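**Student:** Whole structure, please, built from the sequences with the hints as guidance.
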Amino acid sequence: MKILVISLLRLGDILLHAELVRSLKAQCPKAEIHFLINKQFQYVQSILPAVRQWHLLDRQFLQQVLVEQHQSPLAAFDNLKNTIDSLNAEKFDLMLNATHNLFSVRLTDLIEAKEKRGAVFHNGKKVAFNNAWLNYFNDHYSELNGSRFHYVELLHKALGIEILNPQKAEMRTEGPIYLQVLTADAKKNWGLDNFKQVKKSLAEKFPNEIKVICSPDEKDQVLRAFSTDEIISPSLEEARALFRSARLLITGDTSIQHLAASVACPTFSIFIGSADVKKTAPWVLGSAMISAKTFCYPCRASQACSQKAHLCAQEISAHMVSQQVIAYLQGTYFDATKESSLFEQAVWRFHLDGETVQNLLIVPSLPIQSADKKQSTLKLHEDLLWLDQKIELISQSIFGSMPEEVIHRVSMEIRNKVESLRLEHQDVADSFLKMSQSFQVIDRSFFEFLKVLRSGWKEAHNLNQIRQRLIFIQNERNQGSKMEVSLE
Amino acid sequence: MPVNDAWLKAFNREISLAKKVIVLGCGDGSHVRALLNAFPSLAIELIDLSGLTFSHPQVQNVSADKASSRCLVLEFKPAWVGFEIDYALISARLRDRDMGDIKSLTNNLPIQDQSHEAKIWRALREIVQ
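Sequence lines, in order, name chains A and B.
In short: position in the first sequence from 1, add 423, done, that's the working numbering.
In short: position in the second sequence from 1, add 55, done, that's the working numbering.
Keep in mind that the hints were calculated from the coordinates and are not lab data.
Possibly wrong hints are sitting among the right ones.
[Said to hold, decoys possible] Straight-line Cα separation of at most 30 Å, DSSO-like style, residue types lysine-lysine; simulated pairs:
1. 174(B) with 514(A)
2. 132(B) with 425(A)
3. 549(A) with 174(B)
[As the list claims (entries may be wrong)] Not close to chain B: a few residues of chain A, all C-beta gaps over 12 Å, as computed:
4. 448
5. 469
6. 614
7. 615
8. 639
9. 646
10. 818
11. 868
12. 875
Nothing here was measured: the structure is a model prediction, and the numbers come from that model.
Heads up, the beta-carbon is just placed ideally off N, CA and C, and yes, glycines get one too.
**Tutor:** Structure below.
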C-alpha cells in the first residue's frame, strides 16, 4: 500500500507527524510511506528512515515569485505543476492531509489517490467531514484553549488511524543534561538568565555534565549568557544521538522537544506564550512540564504579546523550575493539573467516538468527583433546558408569524446566556463554541443560524448527559467499594 | 449598446492615434470586423490562444511571443473564456506592466472552471493569502 502524508507545516509538526508513520507501520508493516514536506526542512530525512520517499515542495521559491511581482507567476505555476505531476506519477492508495490549512486542502484537489482523508477538496468544494474527530479538530483546535486533546491524538483520530501509546521516558541517573534555551518564537522564550540560574542550581545538586543547545544562528544571542565551552550546536541527527543517552532535556516548546521525545529522552518543558501545553506537550509518557497560569496564556502565535511585560515568563521563576526539575530527577514529581482535565477528556472521547449515554457500561478509571462537580453538572443541565426552550421559541418565530424583533431579542438573550455559560463553566467552555459561532451567521440567514444553534445545543446536551452518567457510575463504584470495606 | 460598439467606444481615442494595434482574443471576429470598419487603414495583430484566426489582408494572426512591441493592446475579454489568466499575463507583458498579483489574476477565474490549471492557480493564491 502506498501512502502519502501531506506535512507542510514546520519542523516540530513534521516530527509529530512521524508518529503517524509509527502507527501506520504497526497497522500495515509493508506500507510504503511518502511524505510531502517543505523543501527548507529536507534535512529531516536523515532522522526518519521509515519514510520511503520524500517529496519536496519549494514553498520559499513559490512565495518569492508570487510576492516579487517583477517575476512571472508562470514560474511558480510551472514549479507547482511539476511537483504535482511527479506526485501523481506515484499512484497513491491513500493520502492523508496532516497539514489542515487552505493551501494543503487545495493540493488534495490536485493530488490523485484512491482514498483521501483529512480536510479535502473535490473540484473546489469541501468534502463533508463524516468524522466527528475531524469536525472537532476543525472547530476547536485553532481556538485559544480550544482543544482538550493532544495534537497527535487528535490527528490520528481525525485521519482514522489507530493510535499507538506513546513511548515511556527512559529515566536514567547517568548522562548529560541539556538545555534548549531558545525557541522559534520570542513569546515562547523563557529567558536566557532564567536558564542560567537553573543550570547553576542543577550543577550544585547533580554531577552530570550540563550543556546548552542552540543552532549556529542563535549562538551570538546565547553567548550573552553562556560561555563558548558550555554551548553545542548539533545537527538534527547529532542531537537525536545525544538524546538517546541523555539524562534530561530542559526546553521550551520547540521541535527539539519532540525530537527528544521520539527517542524516549526524559524532558522537562516550559510552556509560555503561544505554546499550549494541552496540544503540544512532548509525546512521551513520564515527561514533566510547567505552564503559565496568567490570564493572557496561551496567546495566539500570529500576534504580538498583548502585555507591556512578558507576564507569563515572569510568573515562572528560575527557582520554581529548578525545584520541579530536581523533584523530577529524584522521582518525586507530580503534575496536579493533568488530573483535572482527565474527566473532560473522557467525556469528549465518548462523545466523539459516538457513544450514547445508554452504552456507557465500561468506564475507564476516573478521578473521584467532588460534590461541587456534581452540582455544577446539574446546574448546567438546567441551563441547557432553558436554552432549548429559547431556541424552540426562535424556531417558532421563524416559521410562524412573530415579528423579527422577537427573534432578535431572543437571540440576544441566548447569546448572553451562552457567553455566561462559557465563563461560568470554564472546564466545558468549548462545548459552547458551536453555539457562539452560530451568532456569526445570524446576518446571513436565520435558517442557517437556527441550524448551527441547534447543532451546538445538541452537542452540549449530549456532553452533559455523558458527564452526568459518568458521575453516576463513579459514585456507584465508590458506594460499592465502601460497602465492601464495611462488610469486612 | 452592442458589445462591439461599447468596446470600440472605450478605445476610440487611443485607436485613432495608432497605426497598428494588437487585439487579444478572436471569438467570432465581430469586434475585429467592427474595428476594421471604423478604422479602414488600421493594421491589426491578432492573438488568439484557442487557435481561431481571422482572415483579412490587414489582419496578421500571430502567436504571443511574435507580437510587436510598443503597440496599443486591446483586450476583448468575451473571447477569453478558458484562458483568462493566460491572456491577462500576455496583456501585462505586452504592455510592459506588472504581471498583476496572484490575487487579481485568480479573481478572473470563473468558479465553474475546475480544470487542473485553474486548481493550480487557486492553490498558489493560498500561499500569499
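**Student:** Starting from the hint list further up, note which numbers the structure goes against and sort them upward.
**Tutor:** 2
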